[in-house]
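Trainee: Chains B, C and D: place on chain A using the hints.
Keeping their order, the protein sequence lines are chains A, B, C and D.
In terms of my numbering, the first sequence opens at residue 1 and continues consecutively.
In terms of my numbering, the second sequence opens at residue 1 and continues consecutively.
In terms of my numbering, the third sequence opens at residue 1 and continues consecutively.
In terms of my numbering, the fourth sequence opens at residue 1 and continues consecutively.
In short, the hints are calculated from the structure, not lab data.
Mixed in with the good hints there might be a few duds.
Stated by the list, open to error - Listed next, the in silico SDA-like pairs over lysine to any residue satisfying Cα-Cα at most 25 Å (straight line):
hint, chain 1, residue 1, chain 2, residue 2
1, C, LYS734, B, GLY51
2, A, LYS156, C, ASN837
3, A, LYS156, B, THR44
4, A, LYS156, B, LEU185
5, A, LYS156, B, GLY152
6, B, LYS59, C, PRO66
One letter stands for each residue in the lines below.
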Amino acid sequence: MSAAAAVPPRPEADGELPVLEHAGTYAELTDELLDKVLRPPRWMRPALLLTFLGSLVLFAAIAYTVTTGIGVWGNNIPVAWAFGITNFVWWIGIGHAGTFISAFLLLLEQRWRTSINRFAEAMTLFAVVQAGLFPLLHMGRPWFFYWLVPYPNTMKVWPQFRSALTWDVAAVTTYLTVSLLFWYLGLVPDLAVMRDRARERWRRRAYAIFALGWRGSARDWHRWRIGYGLLGGIATPLVVSVHSVVSSDFAIANLAGWHSLIFPPYFVAGAIYSGFAMVLTLMIPARRLYRVEHVITTRHLDSMAKMLLVTGWIVVYSYAVEAWSAWYSGERYEMYMTLVMRPFGPYAFVYWVVIACNCLTPQIFWWRRARRSAAALWVASLLVQVGMWAERFMLIVTSQAHDFLPSSWGLYRPTVIDGALLFGTMAFFLFLFLLFLRFVPFIPIAELKELKHRVATEREERVHG
Amino acid sequence: MHGAADLRVNLFPAYANQIYWLAIGSAAAAIVGAPAALIAWARTPYATGQGEPPEQPVKFDHRHHVRDEGIGCEYCHGGATRSARAGVPATSVCVGCHAQIWTTSPELGRVRESYFTNAPIRWRRVNALPDFVFFDHSAHVNKGVGCVTCHGRVDLMGQVYQARPLTMRWCLECHREPEGHLRPLDEVTNMEWTPDRPQDVLGRELRASLGVRSIVDCSGCHR
Amino acid sequence: MTSAREARAFDDDDDPRRRRAAALAIALEDARDPIARRDFLARMGAALALAGLGACTRAPRQEIVPYVVQPPEVTPGVPRHYATASTLDGYAIGLVVESHEGRPTKIEGNPEHPASLGAAGAFEQASVLSLYDPGRARAVTERGSVVAWSRVEEALTRGAWTSTEGKGLHLLLQPTSSPTLAALLDEIRERLPRAAISFYSPTAPENAWEGARFAFGRVLEPRFALERADVVVSLEADFLTTGPARLRLARSFADRRAALDAMIRLYVVEAICSVTGAMADHRLRVRSGEILAVAAELASAVGLPGLPGGVPPTLRAAAAPHRAWIAATARDLAAHRGRSAVIVGNSQPPEVHALAHAINAALGNLGTTVTLAPSPVVDAGGPAHDTARLAGELADGQVDTLVVCGTNVAYASPADQSLGELLARARQSAYLGLHADETAAKCTFVIPEAHALESWGDTRAFDGTASIVQPLIDPLFGGRTELELLSLFTTRRDARAYDRVRARVHADLTRGGAGADLEQRWRRALKRGIVDDTTIAPVDARVDWAALAKRLARTTPTPPPALELVIRPDPRVHDGRFAANAWLLELPHPITKLTWANAATVSVQAAAQHGLETGDEIELRASGATITAAVIVVPGQADGSIGLTLGWGRTRGAELAHGRGANAFALAAGVAVAPLSVDIRKTGARHDLAITQRQRDLAGRDEDILRHATLEEHRRSRPPPRDEGRRHLTLYTKEPREDVHQWGMAIDLTRCTGCGACVIACQAENNVPTVGPDAVYLGREMHWLRVDTYLVGDPEDPEIAPQPMLCQHCETAPCEYVCPVNATVHSADGLNEMVYNRCVGTRFCSNNCPYKVRRFNWFDFHRGEDATRELAHNPDVTVRQRGVMEKCTFCVQRLREHGIRERQGRAAAPPRTACQQTCPSAAIVFGDLRDASSDVARLRSDERAYAVLGELGTEPRVRYLARLKNPNPELG
Amino acid sequence: MGEVIIAELDSPERVVQAARSVRALGYARVEAFTPFPIPELEDVLGVRRTRLPRLAFVAGLGGASLALLVQWWTNAVDYPLDVGGRPTSSLPTDVLIVFESAVLFAAITAFAAVLVGSRLPRLHDPLFDLPGFERTSLDRFWLLIRDAYDDDAGILDEAQALLDAELARLGAVVTRARLTEAGA
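Next comes chain A alone, as it looks inside the complex:
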């Protein structure tokens, strides 16, 4: 039952669009948000089934790869890394925007983060799950994955900690754990609400088990707020460090086009850029299908569009720096890679897709009308995601394809299994995301009520001066 009348957006105190237009009481707001879960929409079951079938494609491709060998992919010498690592960097990049929204904007106390932070954080979690698949699946002998962890074995041999891959293991597991804890801590109060409001007894029991017995006393809230803020505070530098570590997979190598100091900030900006794009891609349809335009208002669209513009420009700057530093360094191999091989080599098409999608698309957000049109944002977000995947593919494959010795130049062609893995992970990601939407309120109820209370008190002060 949607209580919100189609009230025209009233300017906020600071002249911005309103963050929340909900006239009803707390109870109405709570029940409205709970209905999203307690009475799932009609399309939920078929969507779950469809994405589950997609996930089966993924698991089939994984099983086939592990039992037969990496040879079923298109990888070869010199291009030993291709779709596998591209997907890994792309997925973990997408994850970072979720943490960025829920943690970094929490520190900045940006109001517009409240209604979308769990949505984004869940996207992070499932993106990192997809990303975590590839470092293991990508190995030639995945059944010895545990050798990457320093456990005392009967061989007295340890992992080698100068390699970026051991850093990756630490970074991805830490990131997954911190995201999970941060997401779950924010979720506990809402699970308590579900425990109290669900109809059937077994459903309330189920939520009660996950709500950990949350009571909502002032002492609990105090500890929760400090704890949640602290996790947010920890997660923000973590985001930067994780994607810097992921970028160091390439930066510590000596390939032309890989080893440049711009990579860590370049990858982090690129990650947040593609992450916001994914948030938009998921949020705009969810917002319409669940009819919560009054909770996820145009203010959110506008802010996210600005974020796309900002990170877009950082990425453009990074491309420019990469090309300029190659030219300026005068080193033959770097110049060949960035100024000849990428724009005009065998993978030139990918390079120009990157330029079009990553550099040109966000420029439309200089205009306010574009920033506020959901359709424009959705299309732009898809283009940006395609552009960012293409950018990772270009960075990774072109540098390996035309390396130092011309005799070892070679090309990479994807195989069916590569494609199955890429789309399989997309399907599996959507499947997990739909499960999240099915069982957990994707808009944080407690935080939203607090926001509603704060917005109401501010409006009182403004009116009564």
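Mentor: Just chains B, C and D now, with coordinates in the frame of chain A:
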């Protein structure tokens, strides 16, 4: 709006908390404990294959041959001083003596059958190293490493079993500080030898005199 | 193909060796159950480990199987080496074969053998794989069904020819120089005078023999001593990789190449690019048909005083456009009288050979750089080498019994002789061959031939030196040697090959005098691989100028066709006899880098003219037959020529090569046949050519990768002061340890010809798997050592520069610090170790290696291997599993073995890597850098030495010496 | 154990005023149950500032030092290997895993501290028996006065009446209930 009344019933009995904590505690213990258990298990004698004498085609008793008859190791396993593999005696070595004594013993039926039908005796390997490990007997035997160091007191074994874990960790201990395990060359096959002087003193001397190096490079054993 | 089990049922013959072999074959058959034990473990291990239970399982029980009676000389674990020899077209190359407990695993050259000097070519190295080829013929069959040997004995010794003193009996053999076989053939001729004996090989040097007869009136073979030559002119003679003395010539040529103060100069005139052409200082691109005119022009330019009337001008007309080039060459030859040589390839007509002999005579080379001697090959140049007589007799049905030994005549003979169909005309025919191939299909009896490593025999090198061929292993599939089969036609029907060879060699030894210590000298000949003083003395031959003039006057040069088809033996499968050998099929062609197929090579202009590019398919029509083949554009090939190699398009007997490449024989072509006129049509289809190196251009990186210059440029531009002194900035100061060896390698690019022998030697020594054409096309070949061939110089007529590229064992290796599990680390003695059992296959090390010399096991390449094929593995090297990285280890198994023996005072010579040991031109030098007197230390400090991609800071332990050429100042 | 007074209010401002007045009346053991966090309540009820950040910081340090120790001991002490000529242990390459490990330990400790601090996780809690408690997560704001009937001196004797008057003024629904056992 949901009827508020019917929601009040308490969901769980009082003792549910204990079960809850137990469940969470055991889950945490499993996450930490399982790998630890595996790590510990890998070091048990069962995992390293120690102590179980495999079923051999002929019941050869080292106690009798070594202690009673005083046959030295090199008589049957002479390859140790010259080759990577110490080797197992050909049937002709057994028949060398057993053509004269115990010629009709049922225990030696398989030996005689092997000798006359020219079909080798298929012994079961006791001290088995993985395929990717290239152990060289001659390198060790000529550097003062005794047979007993790795094979244990074979002269006391009715049926030969693996006496040492033979894990890489175990080999590395000796490769790191060979002094602790060296003996004079003429004592290599002496199972009952004990150092007359403190082992580290004797070891340092032997290490210098025999030119023993501490090989911890991977290609020392893996190639 | 019949299984070993059937073979056993019928093999009742008495030879104990054959019974043991049959038992062995059955044991191997049983060992190859569908899920081989090792494979089950790998699969089981993978499943368990995936469930994280890897630590729970224990290694399953293995077996130790000792001897019943241990031969005194055998110590399990210590390899033994035996001398033997391999024969190609009748000429021997002495070999030393390493054997582990009676199982030959590695072939090396015999340093004392004149044709080997310690080196071995690709064919010799790969022959160990042919021994264990599971596709070999396994049982004696009669029209497809297995029969006993006694049936063959009874059938072959009965026929009309027994009563007509052998009329109707026809023996078709491979050309041979074996004294024992020659004696046996004499025995047969004496007993059956009217029996016909003929020899056939598509690559026999018939033109050379005929050419010698023109010049000297009798068949003589030239022997070239390039160590004494300053100038060499090659008329389409690829003497560095073909011909009986190829290894020796490669060594002497390379020696004189590397002696910068007296650097040899090479002129080559050829149509198709060849390895020798790549080494030429000046290379004239002309059609193969025009070379007769070029030879005539050269002869007249050099001046033949003895020739009445000089060289007929009609012959020289076609060479007009190249007169200047030829004149300069002639002047250079004249300036080096007595210290030069003109060499002609087998594909050139006899007249060119005669002219070359004339030129050598005129220049006074005869006796110094060129000596002539009768051929060691039985009946060389005689009528027996002409199959026309056999074809005629078969056609009108006069042949009662035909015995074909070893030569796959049905496939490997020009189609117009149609020997393939005619074979069926004989009443009964027997084929002795390694494989049940095309000829076997047409013969009544198929008898498995014993591989060279399984048989007794003897053979002679190019200079006549006899070598005894001794078996390393019992015949795996009950094979028989030629001697044993042909013994059926002599009185001593069941004489064993060993007895015949022993008798023959004793005769040679006693000819030399004292017969007392015969047994001891027999053993010495066996041990050294050479029978003393059996070399054929050179003859002081005089050119018969009158006959030569008459001959030249009679030859009317046929105008070369617009587009000629030039046929060459294939550097990998020769004439098709090695087509079942996976190593050779996957060896990249020295020039085109193509594997698993042959292709029609086309020049750049011809390709442009016909709108062709590499990978297109064309239809070739010549002498009434048409075949289709893929195209490869080769810069530097003559415009009017299309090149095609023999030996491909096999249909039977070479499982791996069936249907691969185009069969040149179908166009009625052969090496000795003059180039055919051909017309081509683009069919529009495309071929996925499995080429290992697609990018042939150095992209301006010559300075970093392959430094090349002329001798003058090198002398003028003294290289900058050694950068070794000024150690460029590095964060990692690590001085190599003094108390252990510090291994290093130096590769002299001036010496390296790019022949590829090192690639096969490395593959044989280190159990490197072959992966098949599709995997090579994807870029997944496994060679640890590859020969990169770049095109340098002007793009129109570029120079081909080979560079062997292997792991550089860098001191600050970029591959080591990126491995997450310590699977590749540096040893104290300077080796970059690759620990297969620790590798988890992230492949970051391959990405970070600037030389891209790391190979990855994309699949389990050893899984499908037959139990017989697994016998070829070197027991000292791990056989790698799926998902593991592998690379050159500087033959660490040899280094460790040497280290262990050295510390026990049993040390032999310093260790040598497999590639160094087999390199014909001694271009690869390996040794201890710490020892200043070692060659490698000297070469590393040579002024030509440089590190590939040195400024990346990898500090490689391999140094390359710049590739120098010695061009004639006149020709620029 | 014992009798408690529950005041149910319907807006955050009123619950803050109610809390202030209850505290003014001298009641010490007072708790509030609200659907969302209200910072002012914490000061009024005198909630001690949690030691969680300090705990997390210490855990972070522990994680960092553990990571540094593991990396140094494994690569430089237990099995030192020559890897690309690089030093066996160097800070620049170790610092990344040190930071990750610090973050991991800090986060886990923070999460655990939040739960353990509130003596969670629990399935059963006597508070759940109080009628209408489930509304505290929806839209009702509760005040729970535990020492309403304790007879120690701290509380004014006529407090009871004043309390009822004040709560009535704020429109609170006041009920009395018995807590079965010492629910925290």
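Trainee: Give a verdict on every hint.
Mentor: Verification of the hints:
no., hint, result
1, C/LYS734 / B/GLY51, "violated (46 Å)"
2, A/LYS156 / C/ASN837, "holds (14 Å)"
3, A/LYS156 / B/THR44, "holds (16 Å)"
4, A/LYS156 / B/LEU185, "violated (30 Å)"
5, A/LYS156 / B/GLY152, "holds (23 Å)"
6, B/LYS59 / C/PRO66, "holds (16 Å)"
Taken one by one, the earlier hints fail for this structure at numbers 1 and 4, listed in ascending order.
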